[in-house]
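Q: Sequence:
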Amino acid sequence: MIPTQQKIHKRIGLFLFLSFFILTQPATGQEEESATGFFSDNLLMTEVNPVHSFGIFTLNTPYYYGSFKTKGNKFSMGYSFGNTWHPQSTVVYPLNMTPLQKQEANSLYITKRSAYFEQNGIATEQKTISTDGVLQNLSFTWLLEMARKGSFIFKLNSHLLSGGSAGIHYLTSDLFIEKFHGFVGLDNFGRKYYEFNKAHILYRDENGKQIRIEKDEAFLGTFDVNYYLPILLRERQNSHFSVQVGAHLALPLNKFYPEVSGGLSAGVLYRQKLLPRYYIDLAGDIALSHHSLLNPENVVNMVDREIRFSGKANFASNIVWRKNRTLSIGLLLNYQDAYLQGYIFSRTQDEYHDLGVIYMKPGDVWEGVVMSEIPLSKLSAASMYFFSVKSYLYMGYKWGKSNFFITAGEDYPVINNAPDIQLGVQYTRSLGRQ
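Terminal number for the sequence shown in our numbering: 523, no gaps in between.
Some hints could be false.
Computed spacing ranges between beta-carbons, pair by pair [stated by the list, open to error]:
hint, residue 1, residue 2, range
1, 273, 390, 35 to 41 Å
2, 386, 516, 38 to 44 Å
3, 330, 297, 49 to 55 Å
4, 355, 499, 24 to 30 Å
5, 340, 269, 44 to 50 Å
6, 353, 450, 43 to 49 Å
7, 269, 393, 30 to 36 Å
8, 320, 363, 39 to 45 Å
If you are wondering where the hints come from, they were derived from the structure by calculation, not from laboratory data. Every residue gets a Cβ at the ideal spot worked out from N, C-alpha and C, and that includes glycine.
Please work from the sequences and hints to get the whole structure.
A: So, in C-alpha cells, the structure goes:
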C-alpha cells in the first residue's frame, strides 16, 4: 500500500518533533559530562587527503585539532581508495622563446604548438603522464597526547594499485563511473575506449627518469611525523576556541621517490553548543611544505614548486545521544596546490600559455592496446599538474574509547581527476589517559 501524502507529512512531522525533543532535552546526572565533554576531546581524521599518483609520495598533513588537556595514546587504522584516470599525454615546455615567438605560439591551440616549436628550431623539454586503476591507501596512525606540551602523530602509509574489479571498489571503478557519466549525459572522459580493470601509473620527467607502478603492485609510501602545539585556548561554558601550530616531516620508505619533505601549519577551531545535545564545529588550517629537504641524486623531477600551499576547511554538526556517544556529520574541503608549474584554474585547456601538449591519436598503442579513438579531454594534460580541490562528506560515531569515520570525496569540474571519487573508513581507539 502506498501511503497518502497526508500520512507522509504526518510521519515527517513526527520525526522532526522527536529529533527536536531529543536535542533540546537537558543533560542530567552522568550525561552532563557527555554534553560538555566534547570540549576535552581531540578531532583526528586521516582519510581526507586525495589519494593520487604524486601526493602519495609527498607530505600530506592529517586533519587534527587537539584539546591539549589530557595525556594518553590513540591508535588509528585507515583505508581509502580512489579512481585514477589520465590518458597518456606529454606536456612540451619550450626554452628561450623570444617575445614574438611566445605571442605566436600562444595564439595557436595547445595541441598545435609542439609542431610550431619544431618548425622554428625551439629547444624543448617534455614530461609524460599516464595513469589508470584504483589507487589504495592503508595507514596506521599513533597519536601521543602530552596535554599542554602538545601532540605527536606518527603515521605509516602503504599503497596498492589495482584494476578496480573487486566488489569493494565498485563505486570507484571505471565501469561505475562511466555508467554514471552516461546517466548524466557526460561522454568526454575516454574510459570506454580503453579496456576496464587494467592499471598502471607512469610519469617520465624531462631527463628521462621515470616512476612506473604496475597493476597489483603493493609498496610503502612515507612515514610521517607531525607535532602540534597549542598557542591559544579559550573556553566558555558553551563555546571553545583554539589556535595551534604544527611541524611536519614525511620520510620516504619507497624506491620511487626518495625525497624527504616537510612543512609548517597553523589551524583554528571554533566549537559552539546551540542546544543541550547539539553543537557545531567550524575549523580551518593551512600548511606550507617543501618537497625536498635533502637532495638525493638521480631522483625523478616530480615537483617543481619550491613551496606548496594546502589547506582544509570543515563544518560539522554533532549530536550527543548519551554519555560518550556522539554522531557527527560534516563537510570538509581540501585544497592542494599543483605539483608542477603552469596550472591555471580553468575548465578547459584553451588558456594554457607557454607550453604545448601531445595527445595520443587513433592508431597509437597505449599500454598494449591500439586506440581507436581518444577524445580531447582536459584530464589528459592538465592532470599532470594535480591541482586539487576536493570535498569530503563524512559521518563519524564516537562511543566510549572508540571512534569510527566513513568518508566520501569528489572533485569539481575545474579539477583534473586527482582522484575521481574517493571513499574511506577509519577506526580509532583510545589506549588510556592520565
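Q: Falls inside 44 to 50 Å, the C-beta gap from residue 340 to residue 269?
A: At 38 Å between Cβs, range violated.
Q: Can you tell me whether the CB distance of residue 273 to residue 390 sits inside 35 to 41 Å?
A: Because 38 Å falls inside the window, the suggested range holds.
Q: Do the Cβ positions of residue 269 and residue 393 conform to the proposed distance bound of 30 to 36 Å?
A: For residue 393 against residue 269, whose Cβ atoms are near 34 Å apart, the range 30 to 36 Å holds.
Q: So does residue 330 sit 49 to 55 Å from residue 297, Cβ to Cβ?
A: At 52 Å between Cβs, range holds.
Q: Cβ-Cβ distance between residue 320 and residue 363: within 39 to 45 Å?
A: violated (27 Å)
Q: Taking the beta carbons of residue 355 and residue 499, is their distance inside 24 to 30 Å?
A: holds (27 Å)
Q: Can you let me know if the beta-carbon spacing of residue 386 and residue 516 is within 38 to 44 Å?
A: Check passed, 41 Å falls within 38 to 44 Å.
Q: A range of 43 to 49 Å was offered for this pair. Does it hold for the Cβ distance of residue 353 and residue 450?
A: holds (46 Å)
Comparing the model with each numbered hint stated earlier shows that hints 5, 8 do not hold.
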